[in-house]
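Chemist: In case you want the letters, here they are:
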Amino acid sequence: MAEFEPKIVAFVCNWCTYAGADLTGTSRIKYASNVRIVRFPCTGRIDYMLLLKAFDEGADGIIVSGCHPNDCHYTSGNFHARRRWIMFRSLCDFTGIDTERIKFSWVSAAEGAKWADIVNATVSSIRELGPYTEYKKVAKYPEKEVTHG
Amino acid sequence: MNIDKRLVRKDSLEKLFDILKRNSKTIYAPFTKNGKTTFRDTESFSGISTGYIQTSESSKDIAFPRAEKLLEYSKNKEGMTVKGIDINDIPEVILWGVRPCDAAGIGELSSIFNWDYKDEIFNNRLSRVTVFGFSCNKSDEYCFCTSVGGNPGNTAGSDILFTRMGDDGDYLAEVLTEKGLSVVSMATDLFEKSETSGKEKFLAEVQVRFNHEEIKERLSKYFESKEWVEQSMRCLGCGACAYVCPTCACFDIQDEAHGRKGSRVRCWDSCGFSHFTLHTSGHNPRDVQSARWRQRIMHKFSYMPERLSVYGCTGCGRCSRACPVDMNILEHLISIQEVTV
Amino acid sequence: MTDNLYMPYLMRIERITYEAPGVKTFMLKFVNEADQDKFSYKAGQFGEYSVYGVGESTFCIASSPTRKGYIECTFRQTGKVTNALSDCEEGSIIGFRGPYGNVFPIDEWKGKNLLFIAGGIALPPMRCVIWNALDMRENFKDVTIIYGARTVKDLVYKDELKDWELRKDVKLVTTVDPGGESPDWRGEIGFVPTIVEKIAPSSKDTIAIVCGPPVMIKYTFPVLAKLGFSDNSIYTTLENRMKCGFGKCGRCNVGKVYVCKDGPVFTLAQLKELPDEY
Amino acid sequence: MVDLIKRAKELIGTSAVKVVIGYEQGTGNKTRAVFVEKAEDADKLIFDSRCVQNLAAYVTKKEVREKGKMAIAATLPVMRSIIQLASEFQVNDKNLLVLGITPDSKLVEFASLVEVETFVHQYQIEIDERNREMLGKLEKMTREERWKFWIDELAPCFKCYACRAACPMCYCHRCTVDFNQPQWIPVPSHELGNLEWHLMRAIHLTGRCIDCDACYNACPLSIPINLLTKKMLLDAKEHFGGYQPSLKGDHLMSTYKPDDKENFIQ
Chain F
1 MAEFEPKIVA
11 FVCNWCTYAG
21 ADLTGTSRIK
31 YASNVRIVRF
41 PCTGRIDYML
51 LLKAFDEGAD
61 GIIVSGCHPN
71 DCHYTSGNFH
81 ARRRWIMFRS
91 LCDFTGIDTE
101 RIKFSWVSAA
111 EGAKWADIVN
121 ATVSSIRELG
131 PYTEYKKVAK
141 YPEKEVTHG
Chain L
150 MNIDKRLVRK
160 DSLEKLFDIL
170 KRNSKTIYAP
180 FTKNGKTTFR
190 DTESFSGIST
200 GYIQTSESSK
210 DIAFPRAEKL
220 LEYSKNKEGM
230 TVKGIDINDI
240 PEVILWGVRP
250 CDAAGIGELS
260 SIFNWDYKDE
270 IFNNRLSRVT
280 VFGFSCNKSD
290 EYCFCTSVGG
300 NPGNTAGSDI
310 LFTRMGDDGD
320 YLAEVLTEKG
330 LSVVSMATDL
340 FEKSETSGKE
350 KFLAEVQVRF
360 NHEEIKERLS
370 KYFESKEWVE
380 QSMRCLGCGA
390 CAYVCPTCAC
400 FDIQDEAHGR
410 KGSRVRCWDS
420 CGFSHFTLHT
430 SGHNPRDVQS
440 ARWRQRIMHK
450 FSYMPERLSV
460 YGCTGCGRCS
470 RACPVDMNIL
480 EHLISIQEVT
490 V
Chain X
491 MTDNLYMPYL
501 MRIERITYEA
511 PGVKTFMLKF
521 VNEADQDKFS
531 YKAGQFGEYS
541 VYGVGESTFC
551 IASSPTRKGY
561 IECTFRQTGK
571 VTNALSDCEE
581 GSIIGFRGPY
591 GNVFPIDEWK
601 GKNLLFIAGG
611 IALPPMRCVI
621 WNALDMRENF
631 KDVTIIYGAR
641 TVKDLVYKDE
651 LKDWELRKDV
661 KLVTTVDPGG
671 ESPDWRGEIG
681 FVPTIVEKIA
691 PSSKDTIAIV
701 CGPPVMIKYT
711 FPVLAKLGFS
721 DNSIYTTLEN
731 RMKCGFGKCG
741 RCNVGKVYVC
751 KDGPVFTLAQ
761 LKELPDEY
Chain U
769 MVDLIKRAKE
779 LIGTSAVKVV
789 IGYEQGTGNK
799 TRAVFVEKAE
809 DADKLIFDSR
819 CVQNLAAYVT
829 KKEVREKGKM
839 AIAATLPVMR
849 SIIQLASEFQ
859 VNDKNLLVLG
869 ITPDSKLVEF
879 ASLVEVETFV
889 HQYQIEIDER
899 NREMLGKLEK
909 MTREERWKFW
919 IDELAPCFKC
929 YACRAACPMC
939 YCHRCTVDFN
949 QPQWIPVPSH
959 ELGNLEWHLM
969 RAIHLTGRCI
979 DCDACYNACP
989 LSIPINLLTK
999 KMLLDAKEHF
1009 GGYQPSLKGD
1019 HLMSTYKPDD
1029 KENFIQ
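Respectively, the protein sequence lines represent chains F, L, X and U. The numbers in the numbering used here rise by one with no breaks, and the one at position 55 of the first sequence is 55. The numbers in the numbering used here rise by one with no breaks, and the one at position 133 of the second sequence is 282. The numbers in the numbering used here rise by one with no breaks, and the one at position 66 of the third sequence is 556. The numbers in the numbering used here rise by one with no breaks, and the one at position 81 of the fourth sequence is 849.
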């Protein structure tokens, strides 16, 4: 069997992490290609339901990332987000959703290298954890993966 | 078919269960958790609940599941493949411990699914269910089967009806259908020939509380009554009554997609929800709770008898037991009978 | 497969016509020709159109049964399914179940005058019966069509309206709500009931078929009554929310009637028997 | 409850309110909500330990509001709900009068919601022993065990939404589950639909739930869904110092502190 390649969805804010990820590319830093990035205006917009939807649709891991505290383009979006993450994470933990599979980070527009590190670290830790079969089973995610084409 | 009466010793039920299991039968039986009794796929006889007046949920789930796949599709470069569910995949099931009011509900569901268009998915499910009815020897203030044409020892809908003769007695088994007979043939020794009759003295007493013909008659002139508003003021518009009901059959059809594959699913719905009849335009024909409550009663006691010649109620009283705000259907029906129009 | 009432026919979208803002007409052909041969319907019936993965939506068949080989439907983009339908392109495959419901008793109308009154997006459910009547034109006396929409843009089937206007055997009156006219608008200006009153078609030997938004219907019926139409000579088609289309799911139940089974076509006399839940 | 009946009669007699929401005798040993609009009907009103339904669920119900000014017989959880609802602009002094019932069953009438708030703030929201034990048991489980526990517990749920209907905080005219563009929560009650519905419910009630157990009491299958909201309540206390419904409206989840602590963001 081929080695398991984790599918990872990254929810990032437009102003910091997306720009940071851009920098990773323009700086020609090589990093794992398992991540599909979804860009949001602000981490404050990243609804927890979106994270659950990512798991429904077969994600094995999730990265949520935005501006460092005090750097939010809209002043406080990331502070609000942080509160929600704290509560959402505790609910996930309580209901047995694997919080090891949801990574949160602050990556600024200047931190191209950090973004590469976060992605690489996430990919390798998810690779170790294996596919998120628990959730896929509940979501009745088709066993044979659907290819888009 | 003539009713075949047999005697089943009290300790033979477990043997029967084991024989059926050895014949790899799937058995759904009442199982209690969190103080509520529901039907579950059961592996061991000892887990089966007894002594319940009524299960919290009806057994309709077996023939009319809360969510069932109707078809599967997949999109590909060549176009689209759509496959209906294979009715041969529907498992054969024995429903163990069904109360007569639930068993009677099967007939009413069947009328809904077979008037005019025949719903073969439902029919195939039903044809694979063997119903072991258990007569009632206890009742409570919510029971009113005798007011809607049933009784605690009603045989309608059961394939075999077991009546316990006395608190710790043996069972009288009435074998009612071919399906019932085929079970008997698997365990002939356990179904002893019997001359026993007169099960009535072992049955619970359920008084007749209203006349359903009269209710039907009255409802036809009762549409505009203020009573609906008063009765439904405390109704919160959840679907508990409809979902525990053995005869409520309203459903929704939903698509569920994963990428380019997916399925179409039929799932329960309730006329009590405010969005049940809501049009996309925003227009809602039943936009207040009183209209929705009225629909529930009218549908069961007026529309169904007129259209399908059956009542949509078996008097199990579940809706009243399940209601979080004590909407008591029996009380309301009696008040409809008493109020002068 | 025939056992499964919920299995749609696969239909290919042959042609998409843009009718008005948010309104499109699909011409649909059966993907499997065998299905086409089995299929027949009559004016007034409806179907369940589905986008796989999104869901089903109910609308009438807008083409006339006299035109063979295809069906047409016209819908306005409002909800989940109609939005998804609207995203479909020519060549896309959608699902269709039907036909369901009763029909316009067009054979009973032979030898009479026909008066069609429609408002807005309610012309499509009437278009099938209009074309059906026009394709057997010799069977009827005068045919009058009164059609109104909010604005000139919102009028659907603009090409067909031109056709009807040019035909000598059809009297077409189009109207738009006050304020909805364009500088070159040559039709009437006013609400449909007002225009009906103004045109004052004779009720003698005439069948009126009315369809439109609830408020239009509400004000048109009294006008027709004043003109001498009896409740039995006025027909309409109801649109209730539906899921199954064949009298099981319970949504379209109004009194003891199921709109999907006993309707969608009702006479005013029948409507008056129903509780006000449509 | 003689005081309550007397006061209800006065209020309705003088047209100070149009309806008094209280409890009456129900079927068997049950009690249930009653809407008293005529002075003579006030005699139906009762109050005792069986009266646990959270009547605050009715103050946002369209049909009840349309009657005019409401008075409500309110136990401590009901008063908490009312304060929370007031902070979300659902009720105010103009449309609601609170007839408080103290934990030792005395009637106190409040002139305004501000007084209700003062009263409510004398008491902390405490989670009872039995549920604390249950939460402790769950916390000791491994993550996989907890996942199995919840999938099993939620399996019987058929999504009748009695939990939503009975909850005073679930007053949204259109709930997230009723939205279909996009379809956030699957409509059918299967494992995923049930899981996501209950997660969504718990999150939406975080910082708003006042732990009245109405959802659990309403559930026809007695699924312990109140554990989810209780856990949220405890964790919020741990992270943000707890909360009390307050008219000031600084809702826990719509506010923040720059120094909120966490240990998981890289």
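Hints may be right or wrong, so weigh each one.
Stated by the list, open to error - SDA-like, lysine to any residue: derived pairs with alpha carbons at most 25 Å apart:
# : chain 1 : residue 1 : chain 2 : residue 2
1 : F       : Lys-140   : L       : Glu-217
2 : U       : Lys-1005  : F       : Met-49
3 : U       : Lys-835   : L       : Asn-433
4 : L       : Lys-410   : F       : Glu-57
5 : L       : Lys-164   : L       : Asp-436
6 : L       : Lys-370   : L       : Asp-436
Don't read these hints as lab results, they were simulated from the structure. Every value quoted in this text rests on a predicted model; they were computed, and no experiment measured them.
Chemist: Is Lys-370 of chain L close enough to Asp-436 of chain L, meaning Cα to Cα at most 25 Å?
Modeler: holds, 21 Å
Chemist: Run the distance test for Lys-410 of chain L versus Glu-57 of chain F: straight-line Cα separation, threshold 25 Å.
Modeler: holds, 11 Å
Chemist: Hey, Lys-835 of chain U versus Asn-433 of chain L, does the alpha-carbon distance stay inside 25 Å?
Modeler: holds, 21 Å
Chemist: Does Lys-1005 of chain U pair with Met-49 of chain F here, judged by a C-alpha cut-off of 25 Å?
Modeler: OK: Lys-1005 of chain U and Met-49 of chain F at ~23 Å, within 25 Å.
Chemist: Is the Cα-Cα distance between Lys-164 of chain L and Asp-436 of chain L 25 Å or less?
Modeler: Roughly 54 Å separates the two Cα atoms, so the pair is violated.
Chemist: Between the alpha carbons of Lys-140 of chain F and Glu-217 of chain L, is the straight-line distance 25 Å or under?
Modeler: Given pair Lys-140 of chain F, Glu-217 of chain L holds - Cα atoms ~13 Å apart, limit 25 Å.
In summary, the structure is inconsistent with hint 5 from the numbered list given earlier, while agreeing with all the others.
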